[in-house]
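A.B. asks: Here is how the chains run, residue by residue.
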Amino acid sequence: MVKQLEYMKAEELLNMYGIRVVPAKYVKSAEEALRFSEGEAIVLKAIPSKPAHKSKNGMVAVDLKTQDEIRNGFNKVRKAAHKFAPYKILAQKMIKGTEIIIGGKQDSQFGKLVLIGLGGVNVEVFRDFSLRLCPITTYDAESMIMQLKSRSIIAGNDKQFRMLKELLLKTSKLMSDNDISELDLNPVILHDDTYHAVDLRIIE
Amino acid sequence: MGNKAVGSASNGSKVGSYKSLDIMMNPKSVAVIGASNNPDKVGHIILQNYLDEGYGGKIYPINNKSEGSILGLRAYKSIRDVKAQIDLAVVAIPAQAVPAAIRDCGVAGVKSAIVVSGGFAEVGNVKLQEEMMSIARKFSIPIIGPNCLGVTDPKSRVNTMFLPSFKIDKPKVGGVSFASQSGAVGSSIFDLIAHEGFGLAKFISYGNAADIDEVDIIEYLANDKDTKVIVFYLEGVKRGREFFEAAKRASQVKPTVIIKGGITEEGAQAAHSHTASLAGSYEAYEAMFRQAGFAIAKDMQELLDYAKIFDTQPLTTGNRIAIITNGGGTGVIATDAIYQNGLSLATLSKESNAALRKVMPPIVNIRQPLDMAGDADDKRFAAALSTISADPNVDAIIVIALFQTPGADSRVAATISHYNGVIKKPLVVVSIGGSYTEVHKNMLESTGVPVYSSPGAAARSLAALINYSKYRKGVL
Numbered sequence: 001m002v003k004q005l006e007y008m009k010a011e012e013l014l015n016m017y018g019i020r021v022v023p024a025k026y027v028k029s030a031e032e033a034l035r036f037s038e039g040e041a042i043v044l045k046a047i048p049s050k051p052a053h054k055s056k057n058g059m060v061a062v063d064l065k066t067q068d069e070i071r072n073g074f075n076k077v078r079k080a081a082h083k084f085a086p087y088k089i090l091a092q093k094m095i096k097g098t099e100i101i102i103g104g105k106q107d108s109q110f111g112k113l114v115l116i117g118l119g120g121v122n123v124e125v126f127r128d129f130s131l132r133l134c135p136i137t138t139y140d141a142e143s144m145i146m147q148l149k150s151r152s153i154i155a156g157n158d159k160q161f162r163m164l165k166e167l168l169l170k171t172s173k174l175m176s177d178n179d180i181s182e183l184d185l186n187p188v189i190l191h192d193d194t195y196h197a198v199d200l201r202i203i204e
Numbered sequence: 205m206g207n208k209a210v211g212s213a214s215n216g217s218k219v220g221s222y223k224s225l226d227i228m229m230n231p232k233s234v235a236v237i238g239a240s241n242n243p244d245k246v247g248h249i250i251l252q253n254y255l256d257e258g259y260g261g262k263i264y265p266i267n268n269k270s271e272g273s274i275l276g277l278r279a280y281k282s283i284r285d286v287k288a289q290i291d292l293a294v295v296a297i298p299a300q301a302v303p304a305a306i307r308d309c310g311v312a313g314v315k316s317a318i319v320v321s322g323g324f325a326e327v328g329n330v331k332l333q334e335e336m337m338s339i340a341r342k343f344s345i346p347i348i349g350p351n352c353l354g355v356t357d358p359k360s361r362v363n364t365m366f367l368p369s370f371k372i373d374k375p376k377v378g379g380v381s382f383a384s385q386s387g388a389v390g391s392s393i394f395d396l397i398a399h400e401g402f403g404l405a406k407f408i409s410y411g412n413a414a415d416i417d418e419v420d421i422i423e424y425l426a427n428d429k430d431t432k433v434i435v436f437y438l439e440g441v442k443r444g445r446e447f448f449e450a451a452k453r454a455s456q457v458k459p460t461v462i463i464k465g466g467i468t469e470e471g472a473q474a475a476h477s478h479t480a481s482l483a484g485s486y487e488a489y490e491a492m493f494r495q496a497g498f499a500i501a502k503d504m505q506e507l508l509d510y511a512k513i514f515d516t517q518p519l520t521t522g523n524r525i526a527i528i529t530n531g532g533g534t535g536v537i538a539t540d541a542i543y544q545n546g547l548s549l550a551t552l553s554k555e556s557n558a559a560l561r562k563v564m565p566p567i568v569n570i571r572q573p574l575d576m577a578g579d580a581d582d583k584r585f586a587a588a589l590s591t592i593s594a595d596p597n598v599d600a601i602i603v604i605a606l607f608q609t610p611g612a613d614s615r616v617a618a619t620i621s622h623y624n625g626v627i628k629k630p631l632v633v634v635s636i637g638g639s640y641t642e643v644h645k646n647m648l649e650s651t652g653v654p655v656y657s658s659p660g661a662a663a664r665s666l667a668a669l670i671n672y673s674k675y676r677k678g679v680l
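These protein sequences, in sequence, are chains A and B.
Throughout the first sequence, residue numbering follows this note's numbering, covering 1 to 204 in sequence.
Throughout the second sequence, residue numbering follows this note's numbering, covering 205 to 680 in sequence.
Hints listed in this document are in silico derivations from the structure and should not be mistaken for laboratory results.
Each hint should be verified, as a subset may be incorrect.
As a list, the in silico DSSO-like pairs of lysine-lysine whose alpha-carbon atoms are at most 30 Å apart [as the list claims (entries may be wrong)]: (1) B:Lys359 - A:Lys149; (2) B:Lys677 - A:Lys170; (3) A:Lys165 - B:Lys674; (4) B:Lys342 - B:Lys371; (5) B:Lys432 - A:Lys170; (6) B:Lys331 - A:Lys149; (7) A:Lys3 - B:Lys502; (8) B:Lys502 - A:Lys165; (9) A:Lys173 - B:Lys442; (10) B:Lys432 - A:Lys159; (11) A:Lys170 - B:Lys223.
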């Protein structure tokens, strides 16, 4: 039985380890989503209680700016989520940037692993990722980034490199300290010399 | 000899540790259980090999059907009849009879056993293997095998392999140690190691790993003073974390070249996340090898290519490669190969360029790669090697010696050998060609110069050496 950590609990856990998560809030109505947006672009996602592919099933509406867009988006997502009920609708601030994946898993042979790669929905196509056993050292974290073909895209300058290195070390600590079988932060969006995890999947 | 990582000591505690391998490699006395006068029997071949190797300790042939003598040695019906200390029993009898034989070993006070017999967990006979192990535990006898070739140590002249000596080349004593789960991969690579002129320190084929396993072996080889380079064929490990820790310790003192058999996707099926689907079983192994500083070979040729450079060349963390060639086009291909492997072409110092200009004929352009032209003789090779090896902007050297050219002969080979002996930087040679080239390749390799038959293999091997050097130093 797959037991996925509820979104807000996952956010809380990540925050405890200093991993940045995009500002988000559950909304019950389009009006509530509007208030959350404060005039900025938002994303609406239906979070069904059972795991399901959100974007493939139309349960995600992105880049909603105007009142109309937010109202329509809310209705669209609610409708798509209907057959996956029960569900909640999550509003997140819209962020644009380079998508990476940060992950972790429990391997039957070697125990906990941590992963970084070029992210998004096509991770399995590009397969540009690196992997190490937890807990990782600073050297391991650096060599993980250096191993990526996309390193110049995702860690183009020293500041970004340091930021990703620290993110990996925090993820390794999170994995080591907790009973987690799979962790997917995909995507984590790199933007304006910082990052935010946008989709959180933590399986106990 | 097909082995699988099946049947394990997990049903009970282990008997042996890495220390147990000491007595198996260096026994003062050996009993061959299943020794026979019949040349078709495995026990005959093993005993014959002991005699052929010139093993200096006591040998006791054991055969429950024969007394008198086997291959000229006094034979015993049971190991219990030998009233002397036995350090190692090599067991080569049908599987069903093995547990009783181990019990006899226990009563006789035998210190260790290598069970070459097959017919245990690898064919589903887990119960028989466990029966053997429970007796071994009772008498505290560490065991290698079952279903293996056992060990070879050319220095102590111990060889438990049941392969007729005329079918397999005999390696000289040296610094490469080779461990293999599989006997088939083990014996073929062993043969190649000998044929390619490597010196061997230890060979271990450990089969089903009922007791002594890959963790013990990596630990033993890491501690073994004769071993300079560890070469490992691995299908799987049972104690993953312990292997990882032992592997890291090994890499702090010597390099390991590894090849992993069985690239399966079993992990992917149960995946609920992107991470789990990317990080399958093989990927986890690969991550562990990288993190432990192992050089990962893709195939058997690469395994030997890497072993060769680690065995003979010093470490360097620099990646500026100078190329000296007597063939222009091959130099161009080598330049591509070094960049494809994350290395770069060295820029020689002004002083080096000036010195080279003085000694090279006008037709030679003084630049990298240094194309000395097809008429380059030993004097030109010597002049280039002497200047370039001393250049502080050069971390390692690729010498391309094409022996088809008019200037290249055994004097060129001797010159390269000389410089390989005196310079403190890694040097590799690329020689491409037929039988005349082969002769010179052998001359070079017998003096410790690694020779590759393609620029790509040379560049990959240099990259493996540099990566390991960086790992040792903790630099990226």
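A.B. asks: For each hint given before, does the structure comply? Return the numbers of the non-compliant ones in rising order.
C.D. replies: Violated: hints 1, 4, 5, 6, 7, 10, 11.
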